[in-house]
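Student: Okay, here's what each chain looks like letter by letter:
2 protein chains.
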Amino acid sequence: MKTSQILKERVGGLWEKYVKHEFVKQMKEGTLPQESFRYYLIQDSKYVEVMLRGLMRASSFAPSSQATQILSTILNTRDKGMEVHNYLLDKLGITHEEITNTGYNLANYAYTRHLYYYSTKGWKEFLSAWAPCMWGYYEVGKYVADSPNQLFSKWAEFYASDEYKRRVEAILGALDSYEFSEDLLIPFSASVRFEIMFWEYSLRREETPFYELI
Amino acid sequence: MKTSQILKERVGGLWEKYVKHEFVKQMKEGTLPQESFRYYLIQDSKYVEVMLRGLMRASSFAPSSQATQILSTILNTRDKGMEVHNYLLDKLGITHEEITNTGYNLANYAYTRHLYYYSTKGWKEFLSAWAPCMWGYYEVGKYVADSPNQLFSKWAEFYASDEYKRRVEAILGALDSYEFSEDLLIPFSASVRFEIMFWEYSLRREETPFYELI
Chain A
1 MKTSQILKER
11 VGGLWEKYVK
21 HEFVKQMKEG
31 TLPQESFRYY
41 LIQDSKYVEV
51 MLRGLMRASS
61 FAPSSQATQI
71 LSTILNTRDK
81 GMEVHNYLLD
91 KLGITHEEIT
101 NTGYNLANYA
111 YTRHLYYYST
121 KGWKEFLSAW
131 APCMWGYYEV
141 GKYVADSPNQ
151 LFSKWAEFYA
161 SDEYKRRVEA
171 ILGALDSYEF
181 SEDLLIPFSA
191 SVRFEIMFWE
201 YSLRREETPF
211 YELI
Chain B
1 MKTSQILKER
11 VGGLWEKYVK
21 HEFVKQMKEG
31 TLPQESFRYY
41 LIQDSKYVEV
51 MLRGLMRASS
61 FAPSSQATQI
71 LSTILNTRDK
81 GMEVHNYLLD
91 KLGITHEEIT
101 NTGYNLANYA
111 YTRHLYYYST
121 KGWKEFLSAW
131 APCMWGYYEV
141 GKYVADSPNQ
151 LFSKWAEFYA
161 SDEYKRRVEA
171 ILGALDSYEF
181 SEDLLIPFSA
191 SVRFEIMFWE
201 YSLRREETPF
211 YELI
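Quick note, the sequences are listed as chains A and B, same order. Residue numbering for the first sequence follows full-length UniProt numbering, starting at 1 and increasing by one per position. Residue numbering for the second sequence follows full-length UniProt numbering, starting at 1 and increasing by one per position.
Worth flagging that the hints you see were computed from the coordinates, not collected in a lab. Hints may contain errors.
Claimed, not checked - Simulated restraints on C-beta separations:
1) B:SER64 / A:LYS154: 21 to 27 Å
2) B:ASP162 / A:GLU83: 26 to 32 Å
3) A:PRO33 / B:ARG10: 37 to 43 Å
4) B:GLU98 / A:GLN5: 48 to 54 Å
5) A:GLU9 / B:ILE6: 46 to 52 Å
Virtual Cβ for every residue (Gly too), placed ideally from N, Cα, C.
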């Protein structure tokens, strides 16, 4: 069995708790309060920035062909993602300044420091920590795509797209080039837990007291 | 005056010693012994690998728009470079194994460790350490392009190309977004010296006793 498949199986029911979280269900049904979505988008923007830096750092440990392929795939499909992202920010009146001036909530701060940590440990460890985010959002995108709420369906459309799927395939392909080991389960399962907490904290619009140096 | 221009002026005559080195002149005239070129290509292949890893590592410290732009430009123009590179390796019977099994000479080892060091220090410091290589090779390419030796002209053709020029412009554009400071001159001038030594060591086919962990 593929490494990615083993990892997913080993986290058991946590995976469904992540991809079918109450936050996700409310997006699909169109009942999610817009304020929660707005809160989520700001936290997510902060997360993506750290994730990209982590990818770059971790790539420096990777076999060059894998690093090149993944970075190309991510960067070449970035325009579409940014287009949707900027459309949503615009619709909700979120500026770059607001994102910078808002702190991280505890779940997001823990999650991004966890990604940073694994980006300094090694490539396959980073892939394993990163996979739940990329992989899970593809499933979430497919699930939410038919939302009656135009903002949520627009958001989901990108994650359900073929372009996004290519990213996921590139990442899982790289991860699957390594044999499964219990070591890989540690970052993977922590990231699944962080994803669940990420929805949770967004539903509750938790306080955001954690900042980075700029 | 632009930061890159100040840096070039401040290294004075060293720049010409680099881009019009005896090794370069012999390529242009077609008199360079093929064995020296072969030796050079192996050392250069090892260098490029470390340089790319350094770029990825340093990018994690960069403003995301700059990191994205430079990585995209480098990766999207990489096919052409690899095409020429692989053509030359093939012509000279150089395998991937030979590159891996050959050590670094002292100049190359010092140069690549220097790049590693700056890739951990910060983005503008790395740009300054990296610029002499990218910028100088464009000038070298233009100079060597009319060589009567088909291997050397093929080699030069890529560095003299518009695709390669776009890389140089992206890098210098990023470097020029920072004000000149004496601190930036330190990595820049060391790299110019290493480039000169790189040609020197290749002409003399110096011993290659330095290895990395794989």
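Student: Would you mind marking each hint as holding or not holding in the structure?
Tutor: Right, here's what the structure says about each hint:
1. Our hint of 21 to 27 Å for SER64 (chain B) and LYS154 (chain A) holds, since their Cβ atoms are close to 23 Å apart.
2. For ASP162 (chain B) and GLU83 (chain A), the Cβ-Cβ distance of about 28 Å falls inside the hinted range of 26 to 32 Å, so the restraint holds.
3. For PRO33 (chain A) paired with ARG10 (chain B), a C-beta distance near 58 Å fails the hint of 37 to 43 Å.
4. The given range of 48 to 54 Å is broken by GLU98 (chain B) and GLN5 (chain A), whose C-beta atoms sit roughly 38 Å from each other.
5. Evaluation of the 46 to 52 Å hint for GLU9 (chain A) and ILE6 (chain B) yields a failure: the beta carbon distance comes to about 58 Å.
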